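Engineer: Those protein sequences? They're chains W and Y, same order as listed.
Taking the working numbering, I'd label the letters of the first sequence as residues 5 to 569.
Taking the working numbering, I'd label the letters of the second sequence as residues 5 to 569.
The hints are simulated quantities; they were obtained by calculation from the structure and are not laboratory data.
The structure displayed is predicted, hence computed values, not measured ones.
Don't take each hint at face value.
Since the list can't tell identical chains apart, any single copy or any two copies may satisfy a pair.
Stated by the list, open to error - In silico lysine to any residue, SDA-like type, Cα no more than 20 Å apart, as pairs: (1) Lys419 to Ala395; (2) Lys419 to Gly394; (3) Lys207 to Gln189; (4) Lys410 to Gln346; (5) Lys472 to Gly340; (6) Lys342 to Lys369.
Number of protein chains: 2
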Amino acid sequence: MTKIVIIGGVAGGASAAARARRLSEDAQIIMFERGPFVSFANCGLPYHIGGDIKERGNLLLQTPESFLARFNVDVRVMNEVLRINREEKTITVRNLLDQSEYTESYDFLLLSPGAGPVVPPIPGLDNPLTHSLRNIPDMDKIIQTINTNQVDHATVVGGGFIGLEMMEAFHQLGIKTTLLEMADQVMTPVDREMAGFAHAEIKAKGIDLRLSTALKSVEFKPTTSLASMDSGQAEHQHVNGELELTLSNGDTLTTDILIMAIGVRPETKLASEAGLQIGELGGIYTNDYMQTSDPSIYAVGDAIEEKDFVTGKQTLVPLAGPANRQGRMAADNMLGRKETYQGTQGTAICKIFDLAVASTGKNEKQLKREGVEYEKVYVHTASHASYYPGAEVVSFKMLFDPKSGKIFGAQAVGKDGIDKRIDVMAVAQRAGMTVEQLQHLELTYAPPFGSAKDVINQAAFVANNLIKGDSTVIHFDEIDNLTEDQLLLDVRNPGELKNGHLPGAVNIPVDQLRQRMNELPKDKEIVIYCQVGLRGNVAYRQLVNNGYKARNLLGGYRTYLFAKA
Amino acid sequence: MTKIVIIGGVAGGASAAARARRLSEDAQIIMFERGPFVSFANCGLPYHIGGDIKERGNLLLQTPESFLARFNVDVRVMNEVLRINREEKTITVRNLLDQSEYTESYDFLLLSPGAGPVVPPIPGLDNPLTHSLRNIPDMDKIIQTINTNQVDHATVVGGGFIGLEMMEAFHQLGIKTTLLEMADQVMTPVDREMAGFAHAEIKAKGIDLRLSTALKSVEFKPTTSLASMDSGQAEHQHVNGELELTLSNGDTLTTDILIMAIGVRPETKLASEAGLQIGELGGIYTNDYMQTSDPSIYAVGDAIEEKDFVTGKQTLVPLAGPANRQGRMAADNMLGRKETYQGTQGTAICKIFDLAVASTGKNEKQLKREGVEYEKVYVHTASHASYYPGAEVVSFKMLFDPKSGKIFGAQAVGKDGIDKRIDVMAVAQRAGMTVEQLQHLELTYAPPFGSAKDVINQAAFVANNLIKGDSTVIHFDEIDNLTEDQLLLDVRNPGELKNGHLPGAVNIPVDQLRQRMNELPKDKEIVIYCQVGLRGNVAYRQLVNNGYKARNLLGGYRTYLFAKA
Numbered sequence: 005m006t007k008i009v010i011i012g013g014v015a016g017g018a019s020a021a022a023r024a025r026r027l028s029e030d031a032q033i034i035m036f037e038r039g040p041f042v043s044f045a046n047c048g049l050p051y052h053i054g055g056d057i058k059e060r061g062n063l064l065l066q067t068p069e070s071f072l073a074r075f076n077v078d079v080r081v082m083n084e085v086l087r088i089n090r091e092e093k094t095i096t097v098r099n100l101l102d103q104s105e106y107t108e109s110y111d112f113l114l115l116s117p118g119a120g121p122v123v124p125p126i127p128g129l130d131n132p133l134t135h136s137l138r139n140i141p142d143m144d145k146i147i148q149t150i151n152t153n154q155v156d157h158a159t160v161v162g163g164g165f166i167g168l169e170m171m172e173a174f175h176q177l178g179i180k181t182t183l184l185e186m187a188d189q190v191m192t193p194v195d196r197e198m199a200g201f202a203h204a205e206i207k208a209k210g211i212d213l214r215l216s217t218a219l220k221s222v223e224f225k226p227t228t229s230l231a232s233m234d235s236g237q238a239e240h241q242h243v244n245g246e247l248e249l250t251l252s253n254g255d256t257l258t259t260d261i262l263i264m265a266i267g268v269r270p271e272t273k274l275a276s277e278a279g280l281q282i283g284e285l286g287g288i289y290t291n292d293y294m295q296t297s298d299p300s301i302y303a304v305g306d307a308i309e310e311k312d313f314v315t316g317k318q319t320l321v322p323l324a325g326p327a328n329r330q331g332r333m334a335a336d337n338m339l340g341r342k343e344t345y346q347g348t349q350g351t352a353i354c355k356i357f358d359l360a361v362a363s364t365g366k367n368e369k370q371l372k373r374e375g376v377e378y379e380k381v382y383v384h385t386a387s388h389a390s391y392y393p394g395a396e397v398v399s400f401k402m403l404f405d406p407k408s409g410k411i412f413g414a415q416a417v418g419k420d421g422i423d424k425r426i427d428v429m430a431v432a433q434r435a436g437m438t439v440e441q442l443q444h445l446e447l448t449y450a451p452p453f454g455s456a457k458d459v460i461n462q463a464a465f466v467a468n469n470l471i472k473g474d475s476t477v478i479h480f481d482e483i484d485n486l487t488e489d490q491l492l493l494d495v496r497n498p499g500e501l502k503n504g505h506l507p508g509a510v511n512i513p514v515d516q517l518r519q520r521m522n523e524l525p526k527d528k529e530i531v532i533y534c535q536v537g538l539r540g541n542v543a544y545r546q547l548v549n550n551g552y553k554a555r556n557l558l559g560g561y562r563t564y565l566f567a568k569a
Numbered sequence: 005m006t007k008i009v010i011i012g013g014v015a016g017g018a019s020a021a022a023r024a025r026r027l028s029e030d031a032q033i034i035m036f037e038r039g040p041f042v043s044f045a046n047c048g049l050p051y052h053i054g055g056d057i058k059e060r061g062n063l064l065l066q067t068p069e070s071f072l073a074r075f076n077v078d079v080r081v082m083n084e085v086l087r088i089n090r091e092e093k094t095i096t097v098r099n100l101l102d103q104s105e106y107t108e109s110y111d112f113l114l115l116s117p118g119a120g121p122v123v124p125p126i127p128g129l130d131n132p133l134t135h136s137l138r139n140i141p142d143m144d145k146i147i148q149t150i151n152t153n154q155v156d157h158a159t160v161v162g163g164g165f166i167g168l169e170m171m172e173a174f175h176q177l178g179i180k181t182t183l184l185e186m187a188d189q190v191m192t193p194v195d196r197e198m199a200g201f202a203h204a205e206i207k208a209k210g211i212d213l214r215l216s217t218a219l220k221s222v223e224f225k226p227t228t229s230l231a232s233m234d235s236g237q238a239e240h241q242h243v244n245g246e247l248e249l250t251l252s253n254g255d256t257l258t259t260d261i262l263i264m265a266i267g268v269r270p271e272t273k274l275a276s277e278a279g280l281q282i283g284e285l286g287g288i289y290t291n292d293y294m295q296t297s298d299p300s301i302y303a304v305g306d307a308i309e310e311k312d313f314v315t316g317k318q319t320l321v322p323l324a325g326p327a328n329r330q331g332r333m334a335a336d337n338m339l340g341r342k343e344t345y346q347g348t349q350g351t352a353i354c355k356i357f358d359l360a361v362a363s364t365g366k367n368e369k370q371l372k373r374e375g376v377e378y379e380k381v382y383v384h385t386a387s388h389a390s391y392y393p394g395a396e397v398v399s400f401k402m403l404f405d406p407k408s409g410k411i412f413g414a415q416a417v418g419k420d421g422i423d424k425r426i427d428v429m430a431v432a433q434r435a436g437m438t439v440e441q442l443q444h445l446e447l448t449y450a451p452p453f454g455s456a457k458d459v460i461n462q463a464a465f466v467a468n469n470l471i472k473g474d475s476t477v478i479h480f481d482e483i484d485n486l487t488e489d490q491l492l493l494d495v496r497n498p499g500e501l502k503n504g505h506l507p508g509a510v511n512i513p514v515d516q517l518r519q520r521m522n523e524l525p526k527d528k529e530i531v532i533y534c535q536v537g538l539r540g541n542v543a544y545r546q547l548v549n550n551g552y553k554a555r556n557l558l559g560g561y562r563t564y565l566f567a568k569a
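When you get a sec, could you build the whole thing from the sequences and use the hints?
Structural biologist: Below, the structure written as structure tokens:
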């Protein structure tokens, strides 16, 4: 009889427990969770705060009782594992209800402790109106603060997934919201120019978005004291009052609630104290079988370092999908199988009001940092046949190896069909497809769902034109630095220029270009742009085939414009 | 200077013309179209009739004038090509406006004539209230018949894409509608049991759906005669009246308009009269370069036979996506490149009221017909995290090689996220992924968009359990033929049985199974089912690990139930 002990009862741990039981009726399975809940929907927490998910109970996917009934798993909530005694293959546990301590032996141990919010050393953060959001008790406290503190204004620090979701939750509750982000963009998985679409959406919804702005200090100004109805820790007291925030630019801000969401850090205390290998990035080391440096101890989820699918290097990817699959795989391997983890692409998506922002693989910042030679294309095209109602622009960026055509990564932003396009790219990348092969993809098409040439086909056409030398391109970030030897040509219709154009551009609509080509100088490089890059390419081909030097702005004016948003 | 002549100005022809011009300013490009329109949105026609697409003009994507201005293409509408004179490399053309004839030479000829509606030899079809729908004039005539004939009841013959879309269009206009389909299912790209979901939806919307029913004869009963405001052919007269239909089962039906949509047939007249090779399936033969048996003549789109991606055999796939990509590729090759077509999977989707029905690759009927050994799995799971509002069930079927894990095909039906799942499968199949590899797919996940274990991951888990012998399954179509040695076990909660269950089943909820297992006989095979197959698998593993013989019904009661719809 194999005895499996699992530390952490959410995504990875819960998946492992269920899988282990399906594989073996005999195994003894014990799952420890120091909090009061197992298998809760942590990705749903902001949506309950914002009111999209009405019932708190819907977040509780399983209970200790349901786990026992269905999977015969001994779930011990409010039991904190204090240490791992590797020589004896035991753990020491504290029952948080009565503070008693005991040991439990294991044949295999699975570490699924997750990652905790990073709390920066900012003076004054320790106050009753400042929260992070990791679990149900955190959520309950935030809701309680909102309800008891008459919150008119909220401040969220950090423009990652949780920060953005909390920003939206506050907005839905009618609370004025400030979002502080130290970097020059939100949603770091995408590049700055793609984040511009998110910035525009965030501002359009009335959020006070402050980029390149850090929180420097916090002063708590209490008004009255209230008895707490706290569901979690007894020491947390809800107190009315407000916070005076001082920002890195010297500004001050008065707010009623503060959410710290600047990132997470792997929970490695147990592992490192037990002498397990910790990786350079600060996560628990695991091999492809999800084994730590101790073969009897496995680890999964947000706490571990895993292999990056694209680079093969170690990476930290705190996402639910990988955690779930790793948990399942760890159970397989603890019970005698040999399943190997295939690496993480970091496929991710975030809803930001009406937009979705998604990505897979490496972004341009990462490729630059790693010194990888890459090329990129931008496409903005309709989510489905534009003549059918409800089509929205998909803004799409693809990064690839200009020599081999290998896909490095993709990013997409828009109001419809964003998840689909990034899923397609995630599969293509994982399958090792090249951008050449993407041209041939045969995706679902009917007017309500797609286009005969899908976004991905179009991006592949553009990439292959570039690889084959059929087009010479210029990117949005080069436009502000043109030389005297270059001439800007706007090939849109005059009516389109009213909504913005590049200074100094000559305007010849593409459909008049053959007749008016002699207005253009042959000794200068013609830098062509249109709205999204498609007509620009038609004009580019005309000019080049007529002996002109030219470049086409990929992604057109739209990419240039939103890069500044 | 290369002279390219294109016959047919819609999807494939128009794509070829535009691509050819982008590659070469010098080429002379002439496009012939015997109808009055080029590059119209033929997939949008039913949606204009039904009112979703308000403006008729939105269907006209390009005009001869716009083609000339942008691409310097000489577009000749209302010019019918009468014959190809291969020895002289000319075509003979009739100008339909003045009936004059002339010849035009070519260096390369592209045939993109499309496919015409099959008109069966049914007595009485030739009447003014009977229509097919292929182009703008057809659409105009249907709209005119609706407007002038006070249509209260419509009959659509054929449950394919156009038939289903016309059915929905009539329903949207408040017209009572009968759909006749000779086969026992609509949407033949999916298998019968998956079509059941569509049947249920169609009936729920009040459509008079008659499967396994053919149209035998038609009698036109005119009432009054009207002057025609016809926009197309002058000989078409709109006349008030009704049609008396006689059906294969002897029933009769009175209707005000009849749409024949039983399928299309490649337009091969020009090609076969010119002695070009016609394939066994009746389409124009092409090689991988889209060349016909005459190297100067290329052909693309609905008129040709192309390579099936899965089987490598010849196939006829009249879909817009392949036509567009083939057109682009033919232009490449006419201008000296060597692009090869990679085969067609037949990826398709159809909106049927609130449902989407989609598929890629081979279906089970085709695999059976070809004698291919296959296995299949069914999954019914939420389109995104079920605790987030708006999740809908995705009903998913996957066909694969049980030995190699090769993906043969996939089908999906549901109200949300259907296009996405079939796109994922289309990419995975094209990339040559196995069902083993599908387990590792890392797809976008946030509660509004997906699940940490997506539909596709789950289907892959089920398939791999089956391949590895972790589960022994039974399929819905074996349930009605159980023997005395088998016992049906329903592991759902008693409350769920109220909405239907299998006769003779013993009910032990999965969460009570460990305690009540001794109620089950060890000498019989336990045939387990639940609602969708998931709890059934948990019960299956319990029973098998305790020494029972068991099978789990894949896809559960839901698959069984809708297979009969």
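Engineer: State for each hint whether it applies.
Structural biologist: A quick look at each hint next to the structure:
1. Lys419 to Ala395: both (9 Å within a copy, 18 Å between copies)
2. Lys419 to Gly394: Cα proximity of Lys419 and Gly394: in one copy and across copies (10 Å, 16 Å).
3. Lys207 to Gln189: Within one copy only: 13 Å inside, 51 Å across.
4. Lys410 to Gln346: Result: close both inside a copy and across copies, 18 Å intra and 19 Å inter.
5. Lys472 to Gly340: between (50 Å within a copy, 14 Å between copies)
6. Lys342 to Lys369: neither (36 Å within a copy, 36 Å between copies)
When each numbered hint is compared with the structure, a violation occurs for hint 6 only.
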